[in-house]
Amino acid sequence: MLQVDDLRKKFKSTTAVDGVNLYLNEGESVGLLGPNGAGKSTTISMISTLLRPTGGEIHFKGVDVLKKPEVIRPVLGVVPQEIALYEELTAIENMKFFGKTYGLSGENLKNKVAEVLELVGLTDRGKDRVKEFSGGMKRRINMAVALMHDPVLLIMDEPTVGIDPQSRNYILEMVRDLNKTKNMTILYTSHYMEEVERLCDRVYIMDHGQIIASGTQEELKSILSSEETLLIEVQEKSADFIKKLSVHPSIQQVVEANGGYKVITAKGEDLFSDIFNLAKSNQVKIRGVHVQTPTLEDVFLHMTGRKLRD
Amino acid sequence: MFTVFNLQWLRLKREPAIAVMFLVMSVLFVFFMAGTGGQKVLTVQTFSDDLSESQTEEWIDRLNETDAFVFEIQDRATIEKQIQMNQVAFALELNEDNYKYLVGQDSQFLMAANQHVEKVYRSHLKIAEVNKQFPDNEVIQKEFIGIESRSLEGVISNSEESSANVITGMTLYFSVFTILFGLMNIAVEKRSGTWDRLISTPLKKSQIYTGQLLHHFSIGILQIGICFFIFYQFFNYNFGTQYLSIVVSILAFVFAVVSLGMLIISIVRSPQQLQAVIPITATGMAMLGGAFWPLEIVSNNILLGLARITPIYFGMDALKGAILYNQGIGEILQPISILLLMGVLFMGMGLNLMESKK
Numbered sequence: 263m264l265q266v267d268d269l270r271k272k273f274k275s276t277t278a279v280d281g282v283n284l285y286l287n288e289g290e291s292v293g294l295l296g297p298n299g300a301g302k303s304t305t306i307s308m309i310s311t312l313l314r315p316t317g318g319e320i321h322f323k324g325v326d327v328l329k330k331p332e333v334i335r336p337v338l339g340v341v342p343q344e345i346a347l348y349e350e351l352t353a354i355e356n357m358k359f360f361g362k363t364y365g366l367s368g369e370n371l372k373n374k375v376a377e378v379l380e381l382v383g384l385t386d387r388g389k390d391r392v393k394e395f396s397g398g399m400k401r402r403i404n405m406a407v408a409l410m411h412d413p414v415l416l417i418m419d420e421p422t423v424g425i426d427p428q429s430r431n432y433i434l435e436m437v438r439d440l441n442k443t444k445n446m447t448i449l450y451t452s453h454y455m456e457e458v459e460r461l462c463d464r465v466y467i468m469d470h471g472q473i474i475a476s477g478t479q480e481e482l483k484s485i486l487s488s489e490e491t492l493l494i495e496v497q498e499k500s501a502d503f504i505k506k507l508s509v510h511p512s513i514q515q516v517v518e519a520n521g522g523y524k525v526i527t528a529k530g531e532d533l534f535s536d537i538f539n540l541a542k543s544n545q546v547k548i549r550g551v552h553v554q555t556p557t558l559e560d561v562f563l564h565m566t567g568r569k570l571r572d
Numbered sequence: 009m010f011t012v013f014n015l016q017w018l019r020l021k022r023e024p025a026i027a028v029m030f031l032v033m034s035v036l037f038v039f040f041m042a043g044t045g046g047q048k049v050l051t052v053q054t055f056s057d058d059l060s061e062s063q064t065e066e067w068i069d070r071l072n073e074t075d076a077f078v079f080e081i082q083d084r085a086t087i088e089k090q091i092q093m094n095q096v097a098f099a100l101e102l103n104e105d106n107y108k109y110l111v112g113q114d115s116q117f118l119m120a121a122n123q124h125v126e127k128v129y130r131s132h133l134k135i136a137e138v139n140k141q142f143p144d145n146e147v148i149q150k151e152f153i154g155i156e157s158r159s160l161e162g163v164i165s166n167s168e169e170s171s172a173n174v175i176t177g178m179t180l181y182f183s184v185f186t187i188l189f190g191l192m193n194i195a196v197e198k199r200s201g202t203w204d205r206l207i208s209t210p211l212k213k214s215q216i217y218t219g220q221l222l223h224h225f226s227i228g229i230l231q232i233g234i235c236f237f238i239f240y241q242f243f244n245y246n247f248g249t250q251y252l253s254i255v256v257s258i259l260a261f262v263f264a265v266v267s268l269g270m271l272i273i274s275i276v277r278s279p280q281q282l283q284a285v286i287p288i289t290a291t292g293m294a295m296l297g298g299a300f301w302p303l304e305i306v307s308n309n310i311l312l313g314l315a316r317i318t319p320i321y322f323g324m325d326a327l328k329g330a331i332l333y334n335q336g337i338g339e340i341l342q343p344i345s346i347l348l349l350m351g352v353l354f355m356g357m358g359l360n361l362m363e364s365k366k
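Going down the list, the protein sequences come from chains E and U.
Just so we're aligned, residue 263 is where the first sequence starts under this note's numbering, counting upward by one.
Just so we're aligned, residue 9 is where the second sequence starts under this note's numbering, counting upward by one.
Because the hints were derived from the structure by calculation, they are not lab data.
No residue lacks a Cβ here, since even glycine has one placed at the ideal position from N, Cα and C.
Please note: incorrect hints may appear among the correct ones.
[Claimed, not checked] Restricting the straight-line Cα-Cα distance to at most 30 Å, the calculated cross-link-like pairs of lysine-lysine (DSSO-like) are:
1. K400(E) - K127(U)
2. K362(E) - K127(U)
3. K329(E) - K213(U)
4. K213(U) - K393(E)
5. K198(U) - K389(E)
6. K140(U) - K372(E)
7. K444(E) - K21(U)
8. K212(U) - K272(E)
9. K21(U) - K393(E)
10. K274(E) - K213(U)
11. K212(U) - K374(E)
12. K400(E) - K213(U)
13. K389(E) - K21(U)
14. K89(U) - K362(E)
15. K372(E) - K198(U)
16. K272(E) - K213(U)
17. K400(E) - K212(U)
18. K329(E) - K21(U)
19. K198(U) - K330(E)
20. K108(U) - K400(E)
21. K127(U) - K374(E)
22. K362(E) - K213(U)
23. K21(U) - K372(E)
24. K329(E) - K212(U)
25. K198(U) - K393(E)
26. K212(U) - K393(E)
27. K89(U) - K372(E)
28. K374(E) - K21(U)
29. K21(U) - K274(E)
30. K323(E) - K212(U)
31. K21(U) - K330(E)
32. K274(E) - K212(U)
33. K213(U) - K323(E)
34. K21(U) - K362(E)
35. K272(E) - K198(U)
[Claimed, not checked] Derived DEER-like restraints, expressed as beta-carbon distance ranges:
36. D267(E) - I26(U): 47 to 53 Å
37. K21(U) - Y285(E): 44 to 50 Å
38. Y251(U) - K323(E): 54 to 60 Å
39. D267(E) - I337(U): 57 to 63 Å
40. A501(E) - K212(U): 55 to 61 Å
Whenever a hint applies, use it, and build me the whole structure from the sequences.
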């Protein structure tokens, strides 16, 4: 359905996107995972025909959208990272306006507004001005506007940034529902790996403008099949301790984690005694050592040596 | 296009404060600066040390046979005090065969008042001379052959000129504010993401721009129209008979200002910067273009040259031509053409810069 080949974007001396290749099949939910500044937003801006690439091609159902943007625009829904709404207007007025830009009118438009408001759970707040909404509600209306015309392809750029867990959960459930029940094709970008893990069939991991890994979650995690992730919980962190850990011959990566350190080692290595000895010599008190199943975060760590939210 | 156009009206309806504020301010400024427009009569304080009270009153009656001035008797001490306090610019001292002025500061009205006083004195002295030669006959002044020569500009009084200057100047000045602050919406939309959201819809970019610009264009027209209507309807200001010329002048002026606004928002990046640039641009243009004072009092050639690159200068030129001198479209074609040319140039540059930023 959507095919992106060798997509590139240069801003003066900075290369934001450097030879990205990706594809989406109809009805798929695909994640674009990467840290801030990886080039995710620039990539989707080009796919949404908002930004002209420096090079590469984008085809939607076989048609070059760079030459014919009018082919993709009527069936494309874009949920931008920012709250792209007229805040002085009510939720209904915003939805009606954007509905009209897609040619909806009369009863059809009215019914659609009611339907989408119900979908985002804001039926009783439709007549309120957007500026009176909480962050989570604004995010939901931001999404509702993109759903007014029943898009075939929905592109979402970090739609849950800065909202409460309840609204976040609501949005994630809604996205999953749209994908499963309406067979909507979804391209979801985020730097929250747990969101991508929860929603997406396939994942592209992006860093420094390039796709560094892609595949299903299982395929990506299998990259770490020969490795093991240990979470060392300590009472107090120590710079010397992390230094010693990072030069240990059996340890591949060490990063600071919540309450301790995350360590990637080769599978089968017996590191426990070494870790306790190093801790003792650096006067670090260990509260626990856990062996973790790999996550996409670990895949990213393995491939870049950095955490997703660095 | 109309979807975007209507949306802008809806947004204005929800938050009309800025547009209403500039409309009210333009009416208030004109009201206080030009009074009730065209009805202003200059009062000349008058005294005499030589003449008796009845003689002075006779002169005052003769001098007051005009609608343009009111001559009021005062004593010398009061007048001198008023001149010292800058309460009056000049005063008239009457003598039997001549007159003098006490002048505290230069005034554009002194020359006009003097013309009238001179005419009255000359006429009275002539009759007095003839009476002296023919003491048995009563001589009255009667014009058997009257040659009236007056230039077109000569029939416009200073107060009319001044009122027209204030009314057109202030109205155009505040309309520039409204239009430029309104156009700031485009910069805000670009920053908030709604502009990009619109671009990703099936609407064409040209439709989005046209809808936006048409809205700001109509806001400008409406503001100037309402201002002029208020002065016509409630303050009895005389706009002459060349309504078509007035309408065409307003259309051309607003087009030039909307285009200038597009150029400014294509250069200035953030709405915060625009908030600083707009007052500087609007006030600078108004000062140079003659909205605050008549350009006749400006002698610096550089300033006069700069005035000719501002839409306000040509807008006022066209409007004053239509209002004061009843000029038809053919006669104000030059300022209108320049305004249209400015509009096309600014718009072309603005749109190109804006799009090239992408």
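Which earlier hints can't be squared with this structure? Going through the list in order, the structure violates hints 1, 2, 6, 7, 14, 18, 20, 21, 27, 29, 31 and respects the others.
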